[in-house]
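> So the protein lines, in turn, are chains A and B. Start counting the first sequence at 1; every next residue gets the next number (our numbering). Start counting the second sequence at 308; every next residue gets the next number (our numbering).
Because the hints were derived from the structure by calculation, they are not lab data. Careful, some of the hints might be misleading.
In silico lysine to aspartate or glutamate, EDC-like type, Cα no more than 20 Å apart, as pairs [unchecked claim]:
{"hint": "1", "chain 1": "A", "residue 1": "K188", "chain 2": "B", "residue 2": "D383"}
{"hint": "2", "chain 1": "A", "residue 1": "K192", "chain 2": "B", "residue 2": "D559"}
{"hint": "3", "chain 1": "A", "residue 1": "K205", "chain 2": "B", "residue 2": "D535"}
{"hint": "4", "chain 1": "B", "residue 1": "K498", "chain 2": "A", "residue 2": "D228"}
{"hint": "5", "chain 1": "A", "residue 1": "K188", "chain 2": "B", "residue 2": "E514"}
{"hint": "6", "chain 1": "B", "residue 1": "K512", "chain 2": "A", "residue 2": "E207"}
{"hint": "7", "chain 1": "A", "residue 1": "K205", "chain 2": "B", "residue 2": "D559"}
{"hint": "8", "chain 1": "B", "residue 1": "K506", "chain 2": "B", "residue 2": "D559"}
{"hint": "9", "chain 1": "A", "residue 1": "K191", "chain 2": "B", "residue 2": "D535"}
All values derive from a computational prediction rather than experimental measurement.
Number of protein chains: 2
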Amino acid sequence: MSLVVVGSMAFDAIETPFGKTDKIVGGAATYAAYAASHFVKEIQQVSIVGYDFPKEELDELSSRGVDLSGVEIVPDKKSFFWSGRYHMDMNTRDTLITDLNVLGDFDPKLPEHFRNAEFVMLGNLLPRIQSTVIEQMNKRPKLIIMDTMNFWMENAMDDLKVTISMVDALLINDSEARQLSNEFSLVKAAKKILTMGPKYLIIKKGEHGALLFHGNNVFFAPALPLEDVFDPTGAGDTFAGGFIGHLARTKDISFENMKTAIIVGSAMASFCVEKFGTERLKEITKADIDARLNEFVQLVNFDIALA
Amino acid sequence: MSLVVVGSMAFDAIETPFGKTDKIVGGAATYAAYAASHFVKEIQQVSIVGYDFPKEELDELSSRGVDLSGVEIVPDKKSFFWSGRYHMDMNTRDTLITDLNVLGDFDPKLPEHFRNAEFVMLGNLLPRIQSTVIEQMNKRPKLIIMDTMNFWMENAMDDLKVTISMVDALLINDSEARQLSNEFSLVKAAKKILTMGPKYLIIKKGEHGALLFHGNNVFFAPALPLEDVFDPTGAGDTFAGGFIGHLARTKDISFENMKTAIIVGSAMASFCVEKFGTERLKEITKADIDARLNEFVQLVNFDIALA
Numbered sequence: 001m002s003l004v005v006v007g008s009m010a011f012d013a014i015e016t017p018f019g020k021t022d023k024i025v026g027g028a029a030t031y032a033a034y035a036a037s038h039f040v041k042e043i044q045q046v047s048i049v050g051y052d053f054p055k056e057e058l059d060e061l062s063s064r065g066v067d068l069s070g071v072e073i074v075p076d077k078k079s080f081f082w083s084g085r086y087h088m089d090m091n092t093r094d095t096l097i098t099d100l101n102v103l104g105d106f107d108p109k110l111p112e113h114f115r116n117a118e119f120v121m122l123g124n125l126l127p128r129i130q131s132t133v134i135e136q137m138n139k140r141p142k143l144i145i146m147d148t149m150n151f152w153m154e155n156a157m158d159d160l161k162v163t164i165s166m167v168d169a170l171l172i173n174d175s176e177a178r179q180l181s182n183e184f185s186l187v188k189a190a191k192k193i194l195t196m197g198p199k200y201l202i203i204k205k206g207e208h209g210a211l212l213f214h215g216n217n218v219f220f221a222p223a224l225p226l227e228d229v230f231d232p233t234g235a236g237d238t239f240a241g242g243f244i245g246h247l248a249r250t251k252d253i254s255f256e257n258m259k260t261a262i263i264v265g266s267a268m269a270s271f272c273v274e275k276f277g278t279e280r281l282k283e284i285t286k287a288d289i290d291a292r293l294n295e296f297v298q299l300v301n302f303d304i305a306l307a
Numbered sequence: 308m309s310l311v312v313v314g315s316m317a318f319d320a321i322e323t324p325f326g327k328t329d330k331i332v333g334g335a336a337t338y339a340a341y342a343a344s345h346f347v348k349e350i351q352q353v354s355i356v357g358y359d360f361p362k363e364e365l366d367e368l369s370s371r372g373v374d375l376s377g378v379e380i381v382p383d384k385k386s387f388f389w390s391g392r393y394h395m396d397m398n399t400r401d402t403l404i405t406d407l408n409v410l411g412d413f414d415p416k417l418p419e420h421f422r423n424a425e426f427v428m429l430g431n432l433l434p435r436i437q438s439t440v441i442e443q444m445n446k447r448p449k450l451i452i453m454d455t456m457n458f459w460m461e462n463a464m465d466d467l468k469v470t471i472s473m474v475d476a477l478l479i480n481d482s483e484a485r486q487l488s489n490e491f492s493l494v495k496a497a498k499k500i501l502t503m504g505p506k507y508l509i510i511k512k513g514e515h516g517a518l519l520f521h522g523n524n525v526f527f528a529p530a531l532p533l534e535d536v537f538d539p540t541g542a543g544d545t546f547a548g549g550f551i552g553h554l555a556r557t558k559d560i561s562f563e564n565m566k567t568a569i570i571v572g573s574a575m576a577s578f579c580v581e582k583f584g585t586e587r588l589k590e591i592t593k594a595d596i597d598a599r600l601n602e603f604v605q606l607v608n609f610d611i612a613l614a
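Bound conformation, chain A alone:
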């Protein structure tokens, strides 16, 4: 079951209270593809990079089954670059540098063989670019999920609402859910957002876990309590990649299976933050993932005898 992943492939330079990197490979679609590649082998990547994006990284993705024929390589421009510094709580960060470079020209044209994909993940991008991708599909995919951010709520709300109305599941964080809905209560926010088009809403709360809303149902997945969060960059994209990777593997988009998919996404995100960049996502094995999933079972499993 093929999965189209759309989003940035980029360089990041990251400072945390615990360390600092030079330019390393990042980008929403990079993290999502590495995460999803642990579950599905037909990932169709849609992105844009400059002449400076490392060939070894592209080869590594190819070797994991990621089809890069939708990745445009611009010969005379640099790749998107973001630099940021995390605060002690690792939930807040300051952006130091944003160099759009090639991303400013991103106008994705899906290769013909991408246009029948059953699963589509739209990473955070200009909403109009996200909707363009949906319009290029030959038939309605089984599931389209999208990420976005507060910046588009402030600068492109009309376009954003159009794109949101076209997808099945929206993934945003708690402050974005409040901003999009003008509701402080996340339950009220979810009810309002679910009238805007998506049938599923996932609210990511970082170290405080994630909530899945669907109709009147709600499911909560914790984040795994970790001794050290080394680098949170890409955790949300990794979560999304693990989530849709599990759904594409199982071809089951029931609410019950979405709950499992959220746990899978949370498990993948818990690996992501253990090292800088995509390093952990490359080195983990199926046995590591299964052990981590079992930790989630232990973490939330309890018996209630309603006597």
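For chain A, the structure is supplied; the task is to place chain B on it using the hints.
Chain B only, in chain A's frame:
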């Protein structure tokens, strides 16, 4: 199985973004007793009130099986009074007034028939008062749990450490855990605190749920996502009362049963915040509690097929 509850019985005046009360009945031991009374009938209350504490409230507690022979009534002084104003997020608040009144004289003397209790809950109080109660027990109870707060970490840390070393389970919030341990990571904080005496540590994170640590085990219980949090006052004491109420009813202090007890405590806290003061805790029935517990099962229940 009798349960001793020690703590304040008081008046509160509360302002939230959604409403405001005059003086209403509050206090850690009041909330805990109401919560626990849904599970056990032999609650032995240890507290101090002034001439102004309403007789109807004492009668209501008695009718629920709360033995008030450990509650000193001071005829010429007023009850403890606290007034506070909550911010929009309902997790932060400003104290407007603290009138200690009778609480400044609190020197609990346990009635002889309280001194064989198997379960003891020490609400937030001067640590030296909490340890005094433990010293008065005829034999080591099956389980002693205690709450405390940052104020004692700043003003009575030596006494606090002594008291903490005497109890089986410590209940504190996330910022208190960080302050007590000098560790930002809650996992590291828990490891350090578990070397200070308690075998169990519960870290309360308000709307973000609660964590239970024991040895190398960790369990996470979410808070129920609510449309409206009307008044968070007493939620932590209600959580503690539900937690120890379930343990005292089942007489089982295994880690497995503690997990269930945390869900019970979370369920009781979710009722507490739905109205001002203790109102919801008085009106709910066993059927309401069972339905709420089932909501928690639905909230976190998922299937992982490790294939």
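> Now tell me if each hint is right for this structure.
Hints, verified against the model:
Between the alpha carbons of A/K188 and B/D383 the distance comes to roughly 48 Å, so the proposed pair goes past 20 Å and is violated. For a cut-off of 20 Å, the pair hint linking A/K192 to B/D559 is broken: about 43 Å separates their Cα positions. This hinted pair checks out: A/K205 and B/D535 have alpha carbons roughly 18 Å apart, not beyond 20 Å. In summary, the hint linking B/K498 to A/D228 is supported, as the alpha carbons are separated by about 13 Å, within the 20 Å threshold.
About 15 Å separates the Cα atoms of A/K188 and B/E514, which keeps this hinted pair within 20 Å; it holds. Under the criterion of a C-alpha separation no larger than 20 Å, the hint pairing B/K512 with A/E207 is consistent with the structure, at around 11 Å. Of the supplied pair hints, the one linking A/K205 and B/D559 is violated, its CA atoms being roughly 34 Å apart against a limit of 20 Å. At roughly 15 Å between alpha-carbon atoms, B/K506 and B/D559 fall within 20 Å of each other, so this suggested pair holds.
Only pairs whose Cα atoms come within 20 Å are accepted, and A/K191 paired with B/D535 is accepted, the gap being roughly 13 Å.
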